[in-house]
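Working from the sequences, and respecting the hints, build out all of it.
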Amino acid sequence: MAELVYDKTGRLLFTEEMRREYTVLIPQMLPIHFKMLEKVFRMRGYNAVMLNVSWRDIVSEGLKYVHNDTCYPALLVIGQMIHTIKYGGYDPHKVALLITQTGGGCRASNYIYLLRKALARAGYEYIPIISLNVSGMEKNPGFSLDLKFIRQMLYGVIYGDIIMNLANQVRPYEIHEGQTDALIDSWVDRLVKDFEVNKHSFRRAHIREQLNSISDEFAAIPVHRTQKIKVGVVGEIYVKYSPLGNNELEAFLRAEDCEVIVPGLLDFVIFKADNRVVDHYLYGGHRFTKIAGGFIQSMCLDLQQDLIAAISRHSEFRVPCTFMHLKSLVEGYLGYGNKMGEGWLLPGEMLELIDSGVANIVCTQPFGCLPNHVAGKGMIRRIKQNIPHANIVAIDYDPGATRINQENRIKLMLANARMAMKPSAAE
Amino acid sequence: MTHIGIDIGSTTVKVVLLDDMEQVTYQTYERHRSQVREKTSEILKTLEPQLRGQLVRVAITGSAGLGVANASQLDFVQEVFATAGAVEKWQPGTDVVVELGGEDAKIIFLTGGLEERMNGSCAGGTGAFIDQMATLLNVTVEQLDEMSLRSEKLYSIASRCGVFAKTDIQPLLNQGARKEDVAASIFQAVVDQTIAGLAQGREIKGRVLFLGGPLYFLKGLQKRFSETLRLSPDQAIFPENADVFVAIGAALYAKSNGREMTFEDLLKRIETASSQKSTTNTLAPLFATREEYDAFAKRHAEDHPPQLDVSAYKGSAYLGVDAGSTTTKLVLITEDGGILYSYYASNKGNPVAVVEEQLKEIYHRFGERVQIMGSAVTGYGEDLIKNAFSLDAGLVETIAHYRAAQHFNPDVDFIIDIGGQDMKCFKIRDGAIDSILLNEACSSGCGSFIETFARALGYEIEEFAKLGLFAEKPVDLGSRCTVFMNSSVKQAQKEGAGVEDISAGLSMSIVKNAIYKVIRAADPKELGEHIVVQGGTFLNDAVLRSFETELGTQVVRPTIAGIMGAYGAALYARDTAKRTGAKSSTILDQAALETFSYSAKSTSCGLCGNHCHLTVNSFGNGRRYISGNRCERPLGKEKRQDVDDLFSWKYEYLRSLGGGENRRGRVGIPMVLNLYEMLPFWTTLFQSLGYEVVLSPESDRKLYAQGQYTIPSDTVCYPAKLAHGHIEKLLDAKVDVIFYPCLPYNVDEKRGDNHYNCPVVAYYPELLAANVGRLAETTYWAPYCGIHRPHDFAKRMAAFMEENAGIPKAETKSAVKAAYRAYEEYRALVKKAGINMIERARKDGRRIIVLSGRPYHIDPEINHGIHEMIASFGLTIVTEDAVSDLVAAPSVKVLNQWTYHSRLYSAASYVTTQPDMELVQLVSFGCGIDAITTDEVRRILETGGKLYTQLKIDEINNLGAIRIRIRSLLAAMDARLEMKEAI
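As given, the protein sequences belong to chains A and B, one line each in that order.
Going letter by letter, the first sequence gives residues 2 to 428 in my numbering.
Going letter by letter, the second sequence gives residues 1240 to 2222 in my numbering.
Read the hints as simulated data drawn from the structure, not as lab findings.
Incorrect hints may have been included.
For lysine-lysine, the following DSS-like pairs were computed, each having C-alpha atoms within a straight-line distance of at most 25 Å [stated by the list, open to error]:
hint	chain 1	residue 1	chain 2	residue 2
1	B	K1764	A	K87
2	B	K1764	A	K118
3	A	K87	B	K2132
4	B	K2132	A	K412
5	A	K140	B	K2132
Chain B is faced by these chain A residues, among others (derived, beta-carbon under 7 Å) [unchecked claim]:
hint	residue
6	C107
7	G285
8	G333
9	G336
10	N339
11	M380
12	R383
13	G401
14	I405
All C-beta atoms in this analysis are idealised placements derived from N, C-alpha and C, irrespective of residue type, glycine included.
Structure (structure tokens):
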């Protein structure tokens, strides 16, 4: 069994030996993206497994080991991990946990610490935790991020975004049920294999080709387009994306005969890079952070151009706008220094959705989410004032919040949407 | 054809039939008592004679209707939508619709831009809330309504949440406020919540239509709405069919959109639906078999007090009274703790009358046979009862409970008490109370919730509890608070859960709330080896069983669990009498009791700006007792000046700032959040630039109410909400500029990994800009500032002032320098004042409390005078920012990235090195970051052998509960000191 090694501060390290022997558990957030991430990790020699457990048990584990006033995502992610360790059939002495760490001013930066506290309380102090971050925090001998790894993950984001985007536009109208989901699976496999075997998988030209083929293949799915209500989902990143966090919001909306639009993850990545450039502008500081932020940003912006170009190949698709355009929409709402959590990106996404004709929006947040008091609920009034047809409902998610309460409010938003769609029906 | 509208709410089912002429031919409004599908089916069956063989169209609406509609595959129409349709048809010309239901509140603005609003998840409780309040006052809803019409004055009651409102009402009742006034205040709270929480700044004016059961039945509520909104009788419309209006809307919807079907088909669908149960979140049953329960019951029956022959006993006796928040308990014991007489019942809002009656009963029953040698009282009503009946002693609840638990298990090391309103847990170490955990608002009322709920369903509590014992599939109802549980019940009902499953589920929820929210334990080992549980709620076997199961351990529950506080008080009275050798008790004797009279009058104290609501209780013969006061002045005594209090010192110092010569204009600074500590900085900066600085006035409830209508998020902390009122005040003051900068980063004190402000503090200025419409009246400066980098900040601020006010850069740069100096001076002054106070306290032999929180907790409206109350016990008060520098930053197990919060960890670490200091942490309700800091501060203190005391503060002002906490802390400190001296 692997020896437990600690660093100077007493932090348990993930060693080279563990890398060989341990299973690395990864929390689930975005089903398509994380499936790819899981495979990228495996390709890099980690025995990675993405967590997948039904929600109620997770909540009780979370409530047990995490301060109950902590935000819901922390409760779920930690609950999910502890539940898997206890009942998932793994040898607890042979698992490691992976969690992301952003280092921003929100509570989310504390998740890794809360996870450690929870593990200690549950009697699993010996389980190492790997911090996934690009800021150089908490290094581990058995885990390293090289540029290639980072790029693979980044490409995973791009591919995940385009697949999610197109699938959402095709699935509600597909003639043969299940065809869209089958194409998703097929592409995830193909893309990961491509990373593995294709030496040119990082070339921009190759990525363009891949994005184009994805777009073409989704466009080729036979559809019958009818008029459906389009609903955008925005909010705190975890509850926005994770079906576990939002009580399967997307599935609910689909069952209500809506087309769901969920903004991609790439904008969030660019947003975080952009923050560093903005910070430098607002407060001064080392030029290096500005340059590094700017470098990542421009790399992502190029990729976003390719993604947009690929989707534009087919006129039936709604094309997402560029990050820069999105950023310009926020003017008059929030300053660009608003960066904790989703910061200005959140009203930005709402405005972009409305701008492109999707006026019906569910704004999701964990109950009591601090940044969203301002960036989410705090912006709705001004948006409605400036754009009267905006139809936004804010929904809180929490272990105690009931689905019926949430769904009833969403139904009201949908009733308004239906009325707006067929003005004659209201008379 | 007949068109059927079915509206299924959280508590009632409404069914309406419309004919083709859209005339109502039938309507009914019935409580479903949780049996949603059965009730709906039952109502429809009664219609069979008239509808047999006919074609119908049907639509279902309402919060509990969705599930029925899905299960029976009938059309569903969202209730607000249904309402809007009906209003258009029958009440044209309506401008606004206000609809209150069992748990939802809605407003529909019809003219000037259609807009519909529903309450958020946290503001739940309108009709159900009124029901709960009526139960609390021990009246029916109809009586509550009648009483409210005879009110003379209104109290302010927190309107945001039913749990909070209850916390406000309880002390009023205990202090003897008139029930009529409380009743009207309850309705006013509902009105305030509707206006502030729902309308959020959009005016409710023109013709207003009021709908829903509560607004249909309750005249008092109608009156409060009309008066508050200043509506004339022809503007306030209370239609005759307000109770079934939404069902009419559904029927109307059915007429134009519904599918045709035969009545028999409809009946079949509903019946099929009512036989389906699809409850998803179920838990394991409490008892698998009858035998299991019998063994459990037998084990717990063994823990009882000494038995005796009550009718034959002669001699000394000791009286203990526990005047709790909802119940009064009374016990008369013998020398060895045997029970001569006991009483446990609701205090019916008047504990004095209950005690009077019981004392008479005791004198009558025992006569000369028994002499009361000592008497003591504990609980919320301690002072009132002690004064009313001249009892010998009063003691804090925690001590009373410990004393009683000890009687049943001398080795007890953990006690949990769940009463009607409060939960209390404490650990015992080496014979002294070690750590005290009391519930915060969100766990309030868990105990009485089951009872209220049982009664609403038409059961007595004992019967309801029994139903749960053998439930096969208890439902999981969550554990956040009773409002959420209520809403979960609604979901369970929708899914067809039965009463027994709900009963068991409620017991489990309450236990989980206690274990995970109050005790914060994951493992019974964290509690202790000898656990005693008590409080009336534990007499419920379902609750007791849930507790043992959840913790996986066995506990002691005395057979007198419900009266342990009174029992402890009686034991205390006995011990005190023995120690002092008293020959008799000072308690009113039989003769004195005959002339006893009691009346209560409420008044406002005018001696200072707090304007405390006082209740003057008179007991005949000129004896009186005043309650509701924060200080001693209304009692005719001078305010204590001799105790140092850094809270007041800081506040007075900061309030004295501002002013200056007006060369360039008047700049207004709101006294909120981080602007407290940064005030010396910004005032100096603007004064140096030739501005007169105008500070917003001292916060109070009125100022809060003035800004309440622009608050977009109900769940943000109170200190942030107050900012809206401060901005309004500055706008009223007509300053030229309002300045409130965004500061994501705070000053770097090098005590942590980073130096952020919390997201709310950092960005609230932007929220105000987007929500306070009046800000357009003036210039509002809310630039992003990086004060953590003085050099860069000077450059950027200079550019800002040049661009916005045409001030030469050099001038601003030197003003910035002065600002930094002023800030440093202020910080140094605070530290120096703190050290002086500590030295003085030591010279005078006073103990010291480090009252910690955030710099803005010195706002009197935020802390509700807690510091004065603590100081009134003779304790010196210093603050975390005065002592955090006296020690090296401790290593912590969290990411230490917020400046204000880093000080907490340092202060806690410092306190562990000082034998005469304790730390009390103030936490604003809704502060997400304190979910992280509180556990860590507690860990630092407990590792260092100190007690951890947390006080949650919010809009509600519940000093009664806080007083108990502080007294418990003092008692524990005393016990520890005694122990040390003994060694």
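Going down the list of hints, with the structure as the test:
1. B/K1764 to A/K87: The hint holds at about 19 Å.
2. B/K1764 to A/K118: Within the cut-off at roughly 17 Å; holds.
3. A/K87 to B/K2132: holds, 24 Å
4. B/K2132 to A/K412: violated, 43 Å
5. A/K140 to B/K2132: Roughly 17 Å separates the two Cα atoms, so the pair holds.
6. C107: Holds - the Cβ of A/C107 comes within 7 Å of chain B, reaching about 6 Å at its closest.
7. G285: Nearest chain B Cβ about 3 Å off; hint holds.
8. G333: violated, 9 Å
9. G336: holds, 6 Å
10. N339: holds, 5 Å
11. M380: With Cβ-Cβ at 6 Å, under 7 Å, it holds.
12. R383: holds, 4 Å
13. G401: Holds, because the Cβ-Cβ distance from A/G401 to chain B comes to roughly 3 Å (cut-off 7 Å).
14. I405: holds, 4 Å
Hint check: violations occur at hints 4, 8; the rest are consistent with the structure.
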